[in-house]
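Participant: Top line first, the protein sequences correspond to chains A and B. At position 784 of the first sequence (counting the first as 1) the number is 783 in numbering that gives the first Met the number 0, and the numbers step up by one without a gap. At position 151 of the second sequence (counting the first as 1) the number is 150 in numbering that gives the first Met the number 0, and the numbers step up by one without a gap.
Read the hints as simulated data drawn from the structure, not as lab findings. No experiment lies behind these values; they were computed from the predicted model shown. For every residue, glycine included, the Cβ atom is placed at its ideal position computed from N, Cα and C. Incorrect hints may have been included.
Here are some of the chain B residues that sit facing chain A, going by a computed Cβ distance under 8 Å [said to hold, decoys possible]:
1. 23
2. 25
3. 31
4. 34
5. 48
6. 50
7. 64
8. 65
9. 68
10. 70
11. 93
12. 95
13. 99
14. 153
15. 154
Mimicking EDC-like on lysine to aspartate or glutamate, the simulated pairs with C-alpha atoms at most 16 Å apart in a straight line are [stated by the list, open to error]:
16. 368(A) with 408(A)
17. 84(B) with 638(A)
18. 33(B) with 117(A)
19. 33(B) with 583(A)
20. 586(A) with 667(A)
21. 328(A) with 114(B)
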Amino acid sequence: MTDDMNELINTFLDESTEHLETIEAGLLSLEKDNSSKSIINDIFQATHSIKGGAGIFGLEKLTDLSHVMEEFLSKVRNHQLILENKQIEILLKGSNLLRTMFSDLGSSEKIDIQSIKEQITQWLNPIIEDSPDDFLDISSLDMDQLLIDFSLNQKLLDERFKMGLEIYYIIVHGKQDLFNNSQDFPQYLSGLEQMGETLGTIPDMFAIHEMTKEEQQESSVQIIYSTAINTDLAEMSLAVPKSQFCNLKQNTTETKVTIKSKSGQNLEIQSSKDVSPSPVEVPAVTQKEDIIHSVPTTDNLCPSKPIQDKSRKQTPIDHSNVEDTLRVKVTQLNRLVALAGELVLARNQLLQITNHKLKSDPNVTSLVKSFSLIISDLQEQIMNTRMQPIGSVFKKFPRVVRDLGSQLDKTIDLKITGNEIELDKTIIEALSDPLTHLIRNVADHGLESPQERQAADKSSIGNLHLKAFHESGQVVLEVIDDGKGISAEKISKKAIEKGIVSQDIVDSMPKEEQIKLIFSPGFSTKEKVSSVSGRGVGMDVVKTNIEKIGGTVDLSSVLGQGTTVRMTLPLTLAIVSSLIIQVEHAKFIIPQVSIEELVTIDKNLQLDRIGVIQNNLVLKLRGQLLPLVSLNTVLGISDKKVELGAGNETLKIVVVKLGQQQLGLIVDKIIGIEEIVVKPISQYLNFNHLYSGASILGDGDVALIIDILAVAKQEKIPLSQADQTSPPEVRASNDLAKKDLLLFNNDSEEQFAIAVDSIKRIQNLENHMIQHVGSKEYVELENQTLSIIRLENFLPIQKPQNTEHEKNLLIFNNEGSKVCLVIHEIIDSLQVEFKLDKDISTPGILGSLLINKKLTLLLDEAKIYEMAN
Amino acid sequence: MKLATFWINQSLFAVDILLTREISPIHQITHVSKAPPYILGLINLRGQIISVVDPSYFLHNTPSSTNKNCRFLIITSNEDLKHLKRMQLIDDVKLGKEPLAVKIDKIDDVIDINESQILPPPSTLSGIDREMISGVVEVDKELIVIMNMPKFVAKILDAENKAR
């Protein structure tokens, strides 16, 4: 497919999505008030545009479905059908199907549209095959609306009234009125012309002439006709039953219309005020398959041109917005933003030069100043073009809430405030999913059923408030419900069951913190998986998504009164408040959202706050041990090691947070906080995943943005709290032994344990440290030569997958043994009560036990020295 | 066709001028740790962050030195090429998604040559990856090696994919 074609399809998709939104929003407001002609018009035109586009691309099913919907709507528009709620329901389902099709055009042809099509046509057909009894009885008409429909103006009618002519509004049904008398519409109309003047028809003259006999049979034509024939003679002259025409002269004073159907139902149809009765606003009218444009039929009609539906602007409900927006390509916008940035930098350089060299010339300085102001303004305006009102995300929720309500048998009243709050386009786009998730959660879990609500002394209608507002330079989004609230006990119980936290930790947490466990990965409280929410992914996804765009999520809940989820979002992604730090001579950027605090430690006085565990540094901070890494080492800037004892300097530590885990980064210098413009990392630098982007600092230097998550990954710091805090689950029954064990692996699938008290210490092993003598390996440590033993040489276990991997050495307590054990990775050290299973015991292996559901082999260290020697 | 000629380690090279965006004076380079040796770092070119490569790593296998004559030859991006292709000024060639700065020792001249003047690279060309040479041209009795920029860019991107 060519680029051009792709572009066309993309435009079609973009436009269609907007049309669908118009349709849905329109249908929802019609549900409350089904008489707004302008909304029906909007929906009709949107449907028509979709049909047209789908037709061009040969998407048959799409064309088919939108055609049926369009046809139905056209009948509604021509007052031939009355829109009821159950029909709105079906139309909504139809638009849903259309949406599904648009989401994957390729497979749209496979979607089954039959049942909906049938449901819609079912309403269409009775009209077509109606017996004459069921025709509308015109008792009065809305003149304004009628004139708009026919693109006539009052003046035109008044002129004729002055001349003493009568003006009739006639409905002629093809089958009953004409074909039974072997006539057709053109013949009928030319008959009328002999007795007077046809002012307008719906459908218009051209369309009528183009209709086949069959089409005519099934159609009706509305006519406005001026003639000298008086009402008494009209029935005969017009050749239609009295019920099908009326004299407009008698109606001119009335503004409201009641169309009465034979079934006795009275429906008021009011013209909507936001449609101005100007002739140009003529809604196009359809008959059968073809769209027909209202065209003035006589010369003295107002000179309105036929309006091409396809060329019409997409029609949002709010007509006032139509002309003042413009579609711009995002790439072009991005380029503008980039250029504005360049301009600002050039200005800064110019300012520097003028400050130094041209101070003496006041003309230049004032010129540069105004130049500088204009550029600042320009940049701000360009940045603003990326801003979009949050209403563009909110607008889909009335629909979502309505659907959820009917699915769950709950009545939910959705209130939305702050539609006008603006956010960067990227953020707006990223908000849709988490918000949908939250709203589903509220509807499904949060709000009670009407019975439960009444029992709890609340109104049976659940309230859901979606709120956006500005707060201290950020945008706050709140999802507030007045449901049953979140039970801290239930959440903690579940969290313990799922192994997310331990009982001890939960006990130490305040209630407000306990409910936040709902954000832990793999948490979903709903026992039953429902179609609405609760598919195992839950609030943690919301949290991750919001954090991805630099926001934060908080949750508060009062049991029995409701829950508030509060999201704080940056205004724009492009500008991020960050901490600038320095390591050696290089500056780096750490986004402020991930920074918890800054700690300085005096190397002389507070050194006890730094500890060493297994050769790794830890920071003692308020009773917690944080892993500590040197950014210098992590980023590989120089070989310099952190020297704890030396110097009288202070140690500067940036404490960053990773979910619930914290990590200390040792840096050389903290420079300050700057608002930086984030630029993506270069294509040529993608070998390095430690950086999430780059930026230009105030002094013009380029600095890299550190990706904290990647740093933690590289340093193998466990990310979820589960790994850190939950005590290992030990499956044991009677015959318990209690022992401190060190868990490790040998770069194979097997897990080993060894008694901690047999180990003197653990040492990092680099390959160059190993010295070979014959087939034996030795390592020199602390002026001692130790013989290296590898478990796989003595025990019937798997060979390591890769001997090149970094290793650790276990040095044993037994002074005489002079051996050390090569292991791959230390997994944990823990105190466990266990019962040893002797089934797997061989020389060197005491037996097996289950730790964290994993089979672990307990080593017999004494036997291993023996075998090695 | 017009060629920009420049010096790298005492040898004269040339590149199709349409593939270059500009020649910029040397900027403060931000070093990127753990980068391959041919990536010198990042520069700020009027607000745009651009990677700098040292071509001598590929052409002579030795790192170049920096002096006051050094310049950055900014190679255009695919985005800019689109326009040239539309105007049918160049063939269907591919560069990087973003501009690339190539560090050169000294800028020489802009020469106008006929494509028929271009000779195939001699097989004895030593120390230079022959793939990166599209030909040799003799101007004023001086032999100029024409760099194949698309190949050069592809090579860098390729090397990085392998490094990952």
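Participant: Hint by hint, say whether it matches the structure.
Facilitator: Status of the hints after comparison with the structure:
Residue-level restraint check for residue 23(B) is violated (minimum Cβ-Cβ distance to chain A is 13 Å; threshold 8 Å). Because the smallest distance between the Cβ of residue 25(B) and any Cβ of chain A comes to about 14 Å, over 8 Å, the interface hint for this residue is violated. Evaluation of the residue 31(B) hint against chain A yields a held restraint, the C-beta minimum of about 6 Å falling below 8 Å. Look at residue 34(B): its Cβ gets to within about 7 Å of chain A, closer than 8 Å, so that hint holds up.
For residue 48(B), the interface hint holds, since its Cβ comes within 8 Å of a Cβ in chain A; the closest pair sits about 5 Å apart. Taking 8 Å as the C-beta cut-off, the interface hint given for residue 50(B) holds, the closest approach to chain A being about 4 Å. Among the interface hints, the one on residue 64(B) is violated; its C-beta lies about 20 Å from the nearest C-beta in chain A, farther than the 8 Å criterion. Residue-level restraint check for residue 65(B) is violated (minimum Cβ-Cβ distance to chain A is 16 Å; threshold 8 Å).
Interface restraint check: residue 68(B) against chain A, minimum CB-CB distance 22 Å, threshold 8 Å, status violated. Given hint, residue 70(B) at the interface with chain A, is violated; its Cβ is 18 Å from that chain's nearest Cβ, farther than 8 Å. Using the Cβ-Cβ criterion of 8 Å, the hint placing residue 93(B) at the interface with chain A is not satisfied: the shortest such distance is roughly 12 Å. Residue-level restraint check for residue 95(B) holds (minimum Cβ-Cβ distance to chain A is 6 Å; threshold 8 Å).
At its closest, the beta carbon of residue 99(B) sits 6 Å from a beta carbon of chain A; the interface hint therefore holds under the 8 Å criterion. Hint status for residue 153(B) relative to chain A: violated, with the closest Cβ pair at about 12 Å, above 8 Å. The interface hint given for residue 154(B) is broken, as the beta carbon of that residue sits about 11 Å from the closest beta carbon of chain A, more than 8 Å. Only pairs whose Cα atoms come within 16 Å are accepted, and residue 368(A) paired with residue 408(A) is rejected, the gap being roughly 64 Å.
About 48 Å separates the Cα atoms of residue 84(B) and residue 638(A), which puts this hinted pair outside 16 Å; it is violated. Distance hint between residue 33(B) and residue 117(A) is unfulfilled; the C-alpha atoms sit about 65 Å from each other, more than 16 Å. The suggested pairing of residue 33(B) with residue 583(A) holds, with an alpha-carbon distance near 15 Å, which does not exceed 16 Å. For the hint pairing residue 586(A) with residue 667(A), the CA-to-CA distance comes to about 10 Å; that is within 16 Å, so the pair holds.
Annotation: proposed proximity of residue 328(A) to residue 114(B) is violated, straight-line Cα distance about 39 Å (limit 16 Å).
Consistency with the previously given hints fails for numbers 1, 2, 7, 8, 9, 10, 11, 14, 15, 16, 17, 18, 21, ordered from lowest to highest.
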